[in-house]
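A.B. asks: Spelled out, the chains give:
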Amino acid sequence: MKTIWRLLGYLRPYLGWLILSNVAMLGLVVMSFAIPWLTRYVIDVAIIAEQSALLLPLSLGVIGAGILHGGMFFVRRYSSAIIGQRVIYDLRNELYRHLHALPFSFYDRSKTGEIMSRVTQDVETMRRFLAFGLVNLVRSVVMSVGILFFLLFINWRLTLVVLITVPPLVMTIRAFATQVRPMYRRVQEELAGLTAVLQENIAGLRVIRSFAQEELEVEKFVEQHQRYLAHNLRTIRRWSFFFPLMNMITAMGTVIILWYGGSEVIRGNMTLGWLVAFNQYLALLLGPLRMLGWLVNLTERASASATRVFELLDTRSDILEISNPIRMPTARGDVQFSNVHFAYDSGGDSVLRGISFHARPGETVALLGATGSGKSTVVNLIPRFYDPNRGRVLIDGRDVRRFAIEDIRRNVGIVMQETFLFSAPIAENIAYGRPEATMEEVEAAARAAQIHDFIMGLPQGYDTVVGERGVGLSGGQKQRVAIARALLLNPPILILDDSTSSVDVETEHLIQRALAHVMRGRTSFVIAQRLSSVREADQILVLDQGRIVQRGTHRSLIRQEGIYREIHLLQSGDASSISEEVYRRARTKALEVGGKEAR
Amino acid sequence: MHHMHGGHDSERKPFNARMFMRLMRYLSPYRWWLVGSLSALVIAAAAAQAGPYLFGMAIDRFINPAESAQVLTMQERLSGLGFYAILFIASLVITWLAEYGETYCMSWAAQNGIFDLRQGLFRHLQRLGLKWYDSRPAGVIMSRVTNDVQTLDELLSAGLTTVLGDLVRLGVIVAVMLTMNARLALASFITVPPLMLMAFYFRPRILQAHREVRTRVAEINANLQESISGVRVTKSFAREEENFAAFDLRNRGNFDATVAAEFLMSIFQPGVMFIGALGTAVVLWFGGSMILRESIFGMQVGTLGPGTLAAFLVYVQRFNHPLQNLSNFYTQMQSAMAASEKIFAVMDTEPEVQDAPGAITLPAIRGAVEFREVDFAYDGEHLVLEQANLSVASGQTVALVGHTGAGKSTMINLLCRFYDPVAGQVLVDGHDLREVTTYSLRAQLGIVLQDTFLFSGSVRENIAYGRPEATEAEIVEAAENVNAHAFIERLPEGYDTPVGERGGNLSVGERQLISFARALLRDPGILILDEATSSVDAYTEILIQRALDVLLHDRTAFIIAHRLSTIRNADLIVVVKDGRIVQRGTHDELIASGGHYAELYGAQFDAESGPRG
Ligand SMILES: Nc1ncnc2c1ncn2[C@@H]1O[C@H](COP(=O)(O)OP(=O)(O)OP(=O)(O)O)[C@@H](O)[C@H]1O
Ligand SMILES: Nc1ncnc2c1ncn2[C@@H]1O[C@H](COP(=O)(O)OP(=O)(O)OP(=O)(O)O)[C@@H](O)[C@H]1O
Ligand SMILES: [Mg+2]
Ligand SMILES: [Mg+2]
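The listed protein sequences correspond, in order, to chains V and G.
Per our numbering: the first sequence ends with 599, consecutive numbering throughout.
Per our numbering: the second sequence ends with 1613, consecutive numbering throughout.
Source of the hints: derived by calculation from the structure; they are not laboratory data.
It is possible that some hints are incorrect.
Derived contacts from chain V toward chain G, CB cut-off under 7 Å, selection only [to be verified]:
hint, residue
1, Ile63
2, Gly70
3, Arg77
4, Thr112
5, Ile115
6, Leu205
7, Val218
8, Trp259
9, Val265
10, Glu406
11, Pro435
Derived DSS-like pairs: lysine-lysine, alpha-carbon spacing no greater than 30 Å straight-line [unchecked claim]:
hint, chain 1, residue 1, chain 2, residue 2
12, G, Lys1577, G, Lys1131
13, V, Lys220, G, Lys1131
14, V, Lys220, V, Lys111
15, V, Lys2, V, Lys111
16, G, Lys1131, G, Lys1013
17, V, Lys111, G, Lys1131
Stretch by stretch, here's where chain V covers chain G in the computed footprint (C-beta under 8 Å, at least three residues) [to be verified]:
hint, region
18, 1246-1256
19, 1273-1285
20, 1390-1404
21, 1429-1442
22, 1497-1506
Cβ coordinates follow ideal geometry from the N, Cα and C atoms, glycine included.
One chain only, chain V, in its complex shape (with noise of 0.2 Å):
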């Protein structure tokens, strides 16, 4: 009940139209009593009792009644929905801006699948809600009540017998709603996991491609699609029952109103005009009756949308900024770690222990170190995608989180380690991070990125759209287009996260030239496998198990025993000689590890 009050505080702006849809709902309602009133006029005045002038002036009465009702419909249909659709822009624009502020960590944890079917099919819930079930529900109520009292007026006895079929449509509108609509639901739920089993099918599909599973494939899917077909049918067969039964029931009134009414007429105790009326009352109280089931329902799962939305909305990202934050318009790009610790679950493992560091504006510094030792997880913490639980990250002598996000976030230029480009044309993907950029910048990234001639080359050039997530590109391609969308930030920091990974050695050797010029007196972070693309860092930090082990520069680490001089030996040397011994210690150390972990 309370997510449904603050679902209706989305309302408080357009209260004058609020106002406008119920005054016209009453208008309706009073209008739909008019008909059958001036129908019994006719009968019993103008017809049995032959006052056979009143008959034109009533018929005419009655196409009047027809009007206002009509514009009364008019009015109050389409102010609701105006309410409806206003209140859903607002909340749509709403939550969107809060995914934008919702950290990584909120991603980390939540499917993409989930998120979308909140921010589409619980919103259309509630718009519906809104623009139809809040109207209707109000005016059932008010119909069906003012219906009820008005015929025990005009003949209390055939009310209260009409009213014996009550208790059974409720009945049957409550086992219509326990039971069908539970099914209901899980019918659009085998739905849902359907689109699920095809949605990661075509992911896959190279996967699936390649091991041949397709078969497993086809299983996975025609189990569900069974499972969807048996529940439908099974919805099917008991909506199909009960719902002509509701209409049954309904038009069991009509019957008891021509048994019991037809008797009073023949009786003398009511008049013919009421009796045909009493009929047309009655539509108009099942009519809403049946609707307030559906009314109660809708309302029910328009609040369950509602709490599933504002769980989102209220979900507080715990990367904020300050009241005051300080503007950054440009770093200097000096970045310092003070004795970091960092997990991703604040229960679990540590993924960083105590990480210092202090890169120096200009400075290139490099970052190395074995699967999972946390090396992305330190330079994701520069543009403060994730808040340290210990230590600070310093840019320019200031803790980031004292820092404007949206400043860090464009004095730092990043290339994650996985590529993902849009689905738009090239030159927009380049220029992502600043679309007021001219063709020539756009270029000059690109080229420094070694990617322009291969762009040039294409039919369309900087139009060609890169399809979803970029295929049509080879892995080095995609992740030189990537380099080149940060590169013309012209950031003061930059962080290159494993992006020439796909890169062969020699367009690598190109890249880097090229960014020694771009990136002269900026600040860069590398993070590489290939030692020959850290080489000549001011700085090279290793990496073990989220402590750095060794730093220094490339002279000092391979004329130190450690981590740095084997690699170095591996990558370089006549390995084959070499590799046995630093096999047997790798392995050595392999097992140190798995064994220390295992415990």
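With the hints as your guide, set chain G with the ligands onto chain V.
C.D. replies: Here is chain G with the ligands on its own, set in the frame of chain V:
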């Protein structure tokens, strides 16, 4: 940004008898259900019209008998009334049961037919080649199987029977009215033309408006989908405001479209109700005049009982629904035609890669691979591979090296027969790949693709993907071979830890290791590693190499790597440049002969061991 795909192809198509018959063929296995449904439908439509007739007759004969009629006692009148009431009840019960039978039988037939259709479509999708998928966004393919099938479902489960039912209903109503009183009936039909005008004017427009709304909503959803998928990029570029503006535009578009549709509805609905009131007025005035034997426009209009008038008051309202449905049906049929055209177009697409008639099962692979003058182009025009010749003896380890975009992955794609060459042949153990079944080929390959993809599920499920029946020991062994066992054990739930959507809870290198283990577990005849360790550290890599030394003994392997240190020991190094194979030989041979490889290697060696010039 955020381009919309799909939904723009035409949503309506004229009726096409061939297509319709093809659709109907899906129902033919369930034809007896259809027959049952149709018979029930006729009964239901007729029985439902008995009520007002009985009501009217009871009034005229017993409740308010004409003075001219034979005089009945009160008791007779009451029991006569009771008899009619019981008939009324009987008609209601019949209607109920017949409607139940009608809906149920029809849905049974339609749901099963649609099930078969969707099943066939999905199966066909599993056969279509990657080229077909390359040129279509996932969303469009999804909507073939979901939305378009749904449209057909609506037509078959509801549309067809509704329209038949409505025709019967209209016929019965007209017939009953004409027999009760032909003149009054003709007078009441005056509401039919405006109703039809309303229905046939507004209904298609309303449907069109609703379709517009759906398109807008689909745009919003597509935008949301991409916004959420790319949210990390957006945040890292602080692009929130621009994206919001684009979203707001779509949101506003949806608002406008919905309000426009609601405007039509807000006119149409009360309009129809008004015609209802008009009908009531006409029946009251004309019928009343008949009862009172008044003349209308100087004409005597005949006689009538008030009961008939009461019955007419009900019937005149009953034109409304059937007429509306009929006007809907036309549009519904058009949408269904458009949907079936799209669905059947997919089902009629011959997979560009498929088993030739008489394709044989590839016997257990020994591992000889040959590329014979292979030309290939993704788009059929721009050659990506040209005159590729390559001969690999069974058991050899082959390394493919070359610049990015040179065509290395493409060669792998051809070897897996994801695509067929434009010219030339790819052979395994002397069999042209086009002469063996793709299943028997791929079932014997172990591939690590350059783009790592993990399914949402546990680590274990992912490793065992290619061999679901693998034992625990085998899974652990595969993980150990790629040195992933240690880190997997470290995960919160070990092998049962969910990897998250696309493996998002793991580091990129960890994901690669799992997809590597997945390929090894297959114990493949040919192992294909496309940048399988590009994000894996050098340490782990050497451990993997050691394991591979054993695993690759006597097994053909293709390895693509940019870190040349990893491939130095290959039996054969193939250098690809701009789609051509420019060199081949062992490491030592290639270094000795100079050329592209020596350059590549030199670049790396320079980079590794000493300051550049
Ligand atoms: N699905 C596709 N559709 C159209 N063109 C494609 C497709 N996949 C790749 N290409 C193009 O074919 C060429 C060769 O690509 P391929 O993926 O074979 O390169 P690669 O040698 O594997 O490069 P990398 O080392 O970057 O992975 C590239 O120019 C690429 O743009
Ligand atoms: N979103 C996440 N949720 C939970 N755990 C995570 C998440 N991302 C990474 N991890 C874990 O944190 C650890 C460090 O991951 P990180 O991505 O920083 O490694 P990395 O050094 O970049 O490795 P790689 O070289 O493979 O990219 C890994 O053990 C990984 O499983
Ligand atoms: Mg990483
Ligand atoms: Mg490739």
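A.B. asks: Each of the hints needs a verdict: does it hold here or not?
C.D. replies: To see whether the hints hold, each was checked on the structure:
| no. | hint | result |
| --- | --- | --- |
| 1 | Ile63 | holds, 5 Å |
| 2 | Gly70 | holds, 4 Å |
| 3 | Arg77 | holds, 4 Å |
| 4 | Thr112 | holds, 5 Å |
| 5 | Ile115 | holds, 6 Å |
| 6 | Leu205 | holds, 6 Å |
| 7 | Val218 | holds, 6 Å |
| 8 | Trp259 | holds, 4 Å |
| 9 | Val265 | holds, 5 Å |
| 10 | Glu406 | holds, 5 Å |
| 11 | Pro435 | holds, 6 Å |
| 12 | G:Lys1577 x G:Lys1131 | holds, 23 Å |
| 13 | V:Lys220 x G:Lys1131 | holds, 24 Å |
| 14 | V:Lys220 x V:Lys111 | holds, 20 Å |
| 15 | V:Lys2 x V:Lys111 | holds, 27 Å |
| 16 | G:Lys1131 x G:Lys1013 | holds, 28 Å |
| 17 | V:Lys111 x G:Lys1131 | holds, 29 Å |
| 18 | 1246-1256 | holds (count 6) |
| 19 | 1273-1285 | holds (count 10) |
| 20 | 1390-1404 | holds (count 4) |
| 21 | 1429-1442 | holds (count 4) |
| 22 | 1497-1506 | holds (count 6) |
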